[in-house]
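Go by the hints and put chains Y and B onto chain L.
Protein chains in written order, with our numbering: chain L, 931 to 1428; chain Y, 931 to 1428; chain B, 931 to 1428.
Since the hints were derived computationally from the structure, they do not count as laboratory data.
Among these hints, one or two may not hold up.
Repeated chains share a single entry, so a pair holds when one copy, or any two copies, can fit it.
[Said to hold, decoys possible] Derived pair list, reagent style BS3-like, types lysine-lysine, alpha-carbon separation capped at 30 Å:
no., residue 1, residue 2
1, 1171, 1221
2, 1246, 1048
3, 1221, 1211
4, 982, 1221
5, 1171, 1011
6, 1171, 1211
7, 996, 1221
Chain by chain, the residues run as shown.
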Amino acid sequence: MKYHVALKRVVVALLVAVLWISAASGQVSTVTDECIACHASVTPGLVDNWRKSRHANVTPAEALKKTELQRRLSADSIPEKLAGVVVGCAECHTLNAASHKDTFVHHDQQIHLTVTPKDCAVCHLVEARQYEKNLMSHARKNLVGNPAYQALIEATNAPHVFDGAQISLGPVDTKTNEESCFHCHGTAVEVTGKEIRGTDFGDMEFPKLSGWPNQGVGRFNPDGSQGSCSSCHPRHQFSIKGARKPHTCSQCHKGPDVPAYKIYSVSKHGNLAASLGGESKYEEVPWVVGKDFSAPTCAACHVSLVVTSEGDVISKRTHQMNDRLPWRLFGLPYAHPHPASPDTTIIRNKEGISLPTSFDGTPASGKFLIGKDEQNKRREAMQRLCLACHTRDWVNGHWERLENTIASTNLMTLTATQIMQQAWTLGLADPHRSMFDEAVEKLWTEQWLFFANSVRLASAMMGADYGVFADGRWQMAKRIQELNDYVTFLRVTKQSKP
Amino acid sequence: MKYHVALKRVVVALLVAVLWISAASGQVSTVTDECIACHASVTPGLVDNWRKSRHANVTPAEALKKTELQRRLSADSIPEKLAGVVVGCAECHTLNAASHKDTFVHHDQQIHLTVTPKDCAVCHLVEARQYEKNLMSHARKNLVGNPAYQALIEATNAPHVFDGAQISLGPVDTKTNEESCFHCHGTAVEVTGKEIRGTDFGDMEFPKLSGWPNQGVGRFNPDGSQGSCSSCHPRHQFSIKGARKPHTCSQCHKGPDVPAYKIYSVSKHGNLAASLGGESKYEEVPWVVGKDFSAPTCAACHVSLVVTSEGDVISKRTHQMNDRLPWRLFGLPYAHPHPASPDTTIIRNKEGISLPTSFDGTPASGKFLIGKDEQNKRREAMQRLCLACHTRDWVNGHWERLENTIASTNLMTLTATQIMQQAWTLGLADPHRSMFDEAVEKLWTEQWLFFANSVRLASAMMGADYGVFADGRWQMAKRIQELNDYVTFLRVTKQSKP
Amino acid sequence: MKYHVALKRVVVALLVAVLWISAASGQVSTVTDECIACHASVTPGLVDNWRKSRHANVTPAEALKKTELQRRLSADSIPEKLAGVVVGCAECHTLNAASHKDTFVHHDQQIHLTVTPKDCAVCHLVEARQYEKNLMSHARKNLVGNPAYQALIEATNAPHVFDGAQISLGPVDTKTNEESCFHCHGTAVEVTGKEIRGTDFGDMEFPKLSGWPNQGVGRFNPDGSQGSCSSCHPRHQFSIKGARKPHTCSQCHKGPDVPAYKIYSVSKHGNLAASLGGESKYEEVPWVVGKDFSAPTCAACHVSLVVTSEGDVISKRTHQMNDRLPWRLFGLPYAHPHPASPDTTIIRNKEGISLPTSFDGTPASGKFLIGKDEQNKRREAMQRLCLACHTRDWVNGHWERLENTIASTNLMTLTATQIMQQAWTLGLADPHRSMFDEAVEKLWTEQWLFFANSVRLASAMMGADYGVFADGRWQMAKRIQELNDYVTFLRVTKQSKP
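Only chain L is shown next, with the shape it has when bound in the complex (with noise of 0.2 Å):
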C-alpha cells in the first residue's frame, strides 16, 4: 500500500519534471531539475512558490545586463556556473557546501538545510556585507553575550514555583528560549546528529539540527555565519514586493516593546499604504517616489533604493539601516546615540556594565557611541528622504519634536528609576538576583521598554495615540505614579509582616 502511493508518486513526479523540463527552456539546471522531480510531489507548496518567483524566472546572466540603478544583485560577476541557469533548489542549497556543517549526501548531491546570508552573498555581496554592519545581524549575540539581558530572559522565560511561601525560578528551558526571545533575534542552528527517517521513497538519512526551525534575524548558521535573509525575504518566493510592505516588519517590530508598526499603521503614512498601496508599484528598481509609490512604507524610508521620476537617486540601497539612524531610539534604559559597532556585546557605561546609558542616564562613552557628527550625517541622510515629500520647515518641525521627545522620556525613565533605586536601597527588592524578576521591578522595567519606547516612536512616525493613551504618555505618567504607591505598599507590608 504504501509502496503503491510512492509509485505513483514517482510517476507522478517524473511526468511533473518532463513537463517543466520543457516549459522551462533549459534555463533550469539538470541538479535542480531532479530536486523538482521529486519536490514537487513531496513539498508541492514550496516548489510552486518557488516558480511565481524572480529566482525561478530569470537567471544571474540576464539579471546582470540590467542598468546600475535597475540591477537587483550587487556581485561584479557570479560565477559560470550559476549565470546561465535561473536560481533553483541546488543553486542554493549546494553553494558552499565545505563550509556548512549541515551539508550531508542527499541523491547523491551535497545538500544543505540552511540557506545563509554566506550564500546569499554570492549574488547579492554588497546586502550581505551591509548587513553585517545592522544592529539586526547581531541580535542574536548581544542578547547572549550580555549578563544584562541574559537577567532579562530569565525573568521572562524561567518556569516560576510556589512553595506556599515563596516564588522560586527553575533553569530556562532552550525550546521556550526558542520560541520567544530568539524567534526574532535568532536561534543557534547546531548539527547533532543524524537520523534515518521513511519517506514517499524509502529510508533515507538527514542531519538533525537543533534550533530549528529558526528565521531569526542574527541566527548563528552552521556555516559561522549570522542572520537570515528569509526574515523579511521568505522563502522560497524571495519577493521584493512583500519586503517592502510593512507586514514584514511587523513580525518582530509590533509588540509593547518595539510598536513601530502599530504606530505607522495610524500615522498619515501607514493610513496611504493600507488605502491607497493598492495602487502602488511594489516590484519597481529602482523605486520612483511619488509615482510608484506614495505612501512610504518601513523599506521606503530605511532600506530601499529610491529615485525621482528623473532618476535622480534620493537614497540608496542599505541593507545596513541604522545608517540613517542618529538615536537608538530603544531605551536600554534611555535613548541613546546609535552604537558605533553592530557588536554591543563590548559596550560598557560609566559603572563597567554593558548598557550603553548608566542608571542615571549618562551614555556610555564616545568609542562605544557615534559622536555629533556621523548623528548629523545620519540625520541628513535620512531628511533627505524626508525632503522628497515635504518641506524643510515640515522636517525641521517634526526633527525638533522628535528630539525633544528624547529628552522628555528620558526623564520619565530616570524618575521611574530613581524610585526603583530607593526601592532597592530600602531592600524592598533585590537587584542583585536579578534586575528584572520580582513585580515591582517589572513595572519599572514596562516604563523604559514599552511606554517610553512606545511613545519615542510615536514621535518619530507622528503616531498619535501610541504617544499618549495606548502605552504613551499617559502611562509613563501613570507608572510613575503607581510605582510609589508600590514601593510604599511594599513597606508597610514588610514591616506589617507576622
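Quick look at chains Y and B alone, frame taken from chain L:
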C-alpha cells in the same frame, strides 16, 4: 405624502422587477422575483449584495455538474423544486417552513426570518453534519449549561453597585449578555409574539424575535438547530473568498482570551497573506497549495479542501475543524487533550466540576477527552498540511516546541493557581460566592485566560511577541509575582482593618 | 560643487516643465507651471503624488458639468480665474492670500504654506460649512478652553520629578503637547518670524511657523479658521478613496480612549471591508449601496452620499457627521445626549463645571445638549442607512441593545466614581490639585475613558470582544474591584506611615 412615496416605490419596484426578470433568463424563481420586486427598493443593499453572490448566478443543477473535487455543494441530490433555479430569497427563507417557529405569512408566502444550518443542509449536507461535531455549534449550549462559565459571565457582565463600603453584584440583564458573550457564542432566537408595523407598502404583521439580531456560531434557532452559517459566510453574498480570509475568523478570535488573529498577523504565514495575498486566488475549489495560494490563512489549515497542482488531496474540506487538533490550547484552566464530544457540559473533572481539568492540572478522565491514538491521528492530519511546504525536520521541530510550551504554560498556570488557592484558604477571597468576582481572582483568571492562551497560540503559529511581551511570557511571570504581592497586601490590609 | 548641483537641477526642472506643459494640454495654470518647474525636482514625491489626483486632472468647470448627485464640489459658482485650470499648487496656495498671516513672497507670488478649510471652501463650500458644525473643527478649541481637559493634559504630559519622597509635576512643554493631544486635536499654527534658508536655488526667505507640521482636525490656522481638510484628505492626492477607507479614521480613532477602528475591524462590517473590500468601488459619486460597496466603512454611515442603484438618496453627504448621532458615546465621564453646539466650552453641568454630565451622572441642562426630538431625528437619519441592508426588526433590536448599554456602562462609571469620591473625601487623594494626577485617580479615569467607551463603541458596531475581554466589561468589573482594594491599600498605608 406617505401614500405618494409608497406609490412611487411600487412603480420603481415593478420596473426593477421587470428588468431583473428579463436579465436573469428565467433562472430566478417566481417567488424570489416577487420578493425582489419590493425588496430591491426596501433593502437595496441586501439585494444588490446578493446579486454578486454565486447563489444568485448558479443553479444547484449546474453546480452538481462539477467534478467531485470542484463541487461546492455536498447533498447527493437536490429537491427538484430548488435544482433548476438560482438560490434566491424564497429558496432559503421558505425552506422547512413547518419546523420554523418564526415562520409567518408574508405576501402569501410562508417566510421565516432566520436561515439555519438545517436549511443550508438541504444543499450543503456534509458541511452541516460536520459542523454539528464542531465545538463551535455548541458554543452557546456549553456556556449556558455550565455553572462555572455562568459564574464567569456574571462576574463580567453583572451591574456592580457600591454602598459606601461593599461592592455587590446585581442580576445580569439579557441584552448585555446578548451583546457580550453571546455575540460570538450565539443567542437564543425565540419568537415572543407578533407586531404590526407600518411599511412603505402599508401595515404588515411580523413575528417579534428575542435574541435578535445575532449570528453567533452556536445560536439557538427557532427550528431547534444550533449555529449560524452566516457567522463565517455573511449574508447575502456568502463568499467563499471572505470565509477563507483571516479577517472572518478575527471577528471572534482576536481578543486577549483568544488572540489567534493577532498572532497570525505577525507570523510568517500572516505576513505573506497580508503582503502577497493579493496574488492569491481565494475563490478556487479545490484550492491548490503554492499555486492558488502561497500564504496559508486560517481556512487553509483548518477548513479548506487543499490539493496539489496535480490534484492530489492534501486535506479534505472539514467544517468540524477540531478533527485536526490534538490539543485544546484554550486553558480551562489548563490546556488539555481535545474534548471527545462537542457537548462539553457532560465533562466532569475528578472533583466533579464541569471543567476539563482539575485545579492541580489533572485532565478529566479518558471518556471526556480524546486519547493518545486520536491525538496522534489528528496531529498527523494537520502535519500533512505543514508538509506541503515544509520539510519533516521543520515540522517536527515546530511541534516539539508547541508541546513543550503546553507543558510550560500549564506549569505557570499551576503556580498562579496555588497562590490563588492559598488566598482562598486564608479567607482573603471567597471562591464559594464566585471564583471570578474579586480583583485578586480576576488577576488569577487572566493568567490562564489571557496570558497562557496567548503564549500557546503564539507557539502554534510562530507569532513572536505574543509569546513574549504582548500578553506573553513576560506577563505570565509578572502576574505570578504580582499575585503573590497582592495576596500579601490583602492579608496585611485585612489585619489592619479598623 | 553646490552651484553645479543647482544648475543641473534648474536644467532638469525646465525640461520637466516643458514636458509637463505639453502633456497637460494647457489646463495647468501658468503660475502652477512655474511652481512645478522647480518643485518637480525639489519635492518630487509631492508633485508626482499630486499628478495622480483628480485635482490635477479635472478643472472645476468640467467638474461642475456633472449632475447634482455626481458633483464633487458644492459652491454654486467658481471664480473665473480658477474654473478653467486644474487645481494645482498656485490655485490653493495663493487663495485668500490677504487673510493668511503665513503669506510670503516666493518667486513673485503671494504664497501661503497652510491651506485651510476657508481656502477649500471656494469650491467645497457646503462641506466647509458643515464641518464648522462638526465637533471635530472645535477639537482644539474645546481642549484648550476647558480647565477640566487642561488638567487631564497636564496629568498626562507634564514632566514628573521625584525628590526622594514625593513626585511633583513640572510645566508641560509645547512640543510635547503638539505631538500628543494636539496631534489629533490640532495645534495653533502661528507665524513667529522669518528666516533665510539656503536652497538649491540660492538663499530664500520663508516664514517661520510654530505648531508646524500638523494636520489635526481642529487646528488653529494662520487665517483664523479652524480645522484641516488634509486630516482625512491627505495632501497632495486628496483621494476620496482614501477618505472612505477606515484606515483614515483609524489615525485618531484607534487608541484605548476611542477604539472605534479596532472595534470596526472585528465587526461584520469591518470583516467584509477587509475581506471583500477589494471588489468595492471606492471612487464613485454618488455611492451605490450593495453595488459600489457591500461593506460599509466609517464614511458610508457617517459621511458619504449613499444612494440605491435606482438613484434614490438614502443619506446625504455630510461633513457635520454628528447630525446622525443621537448620543455622544464618549463619556465625560458619562455618555450623554449629543452637545447642541460644537463649541463645548460653553457647557456647564449643574455644579458649574465645563462637563456635559455631573459626577452623579446628571446630564447638563437642556440648552447645552440636544433634546429627545433631535435625538429621534438623528436616530432615524442613521437608521435609514441601516435599513438599506437590514430589516426593521434587526435594526430595532440592535439599537435597543445600544441604548441598554449606554445605561449599563453609565452605571459602572457611577460605581467607580462613588468609590473615587469616597477616597477624595477620606483625603486619600486630592481632587483640588488635579483629578487626574494620582495613581488611584488614573485608575478611575480609565474606567470611563477607556473601558466604558470601548464597551459602548463595541455595542454600536457589534464589535464582540471589545465589549467583553478587550478593554470591555471584564475590565470595567475588574476595575471597580481593583479600585476598591486600592483605596483600602492607600488607607491602611497612610495609617501605617512612619
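Each hint tested on the structure:
1. 1171 x 1221: both (16 Å within a copy, 18 Å between copies)
2. 1246 x 1048: Close inside one copy (22 Å), not across copies (41 Å); limit 30 Å.
3. 1221 x 1211: Both: 8 Å inside a copy, 22 Å across copies.
4. 982 x 1221: both (25 Å within a copy, 8 Å between copies)
5. 1171 x 1011: Classified as within; 28 Å inside a copy, 44 Å across copies.
6. 1171 x 1211: both (8 Å within a copy, 18 Å between copies)
7. 996 x 1221: both (21 Å within a copy, 29 Å between copies)
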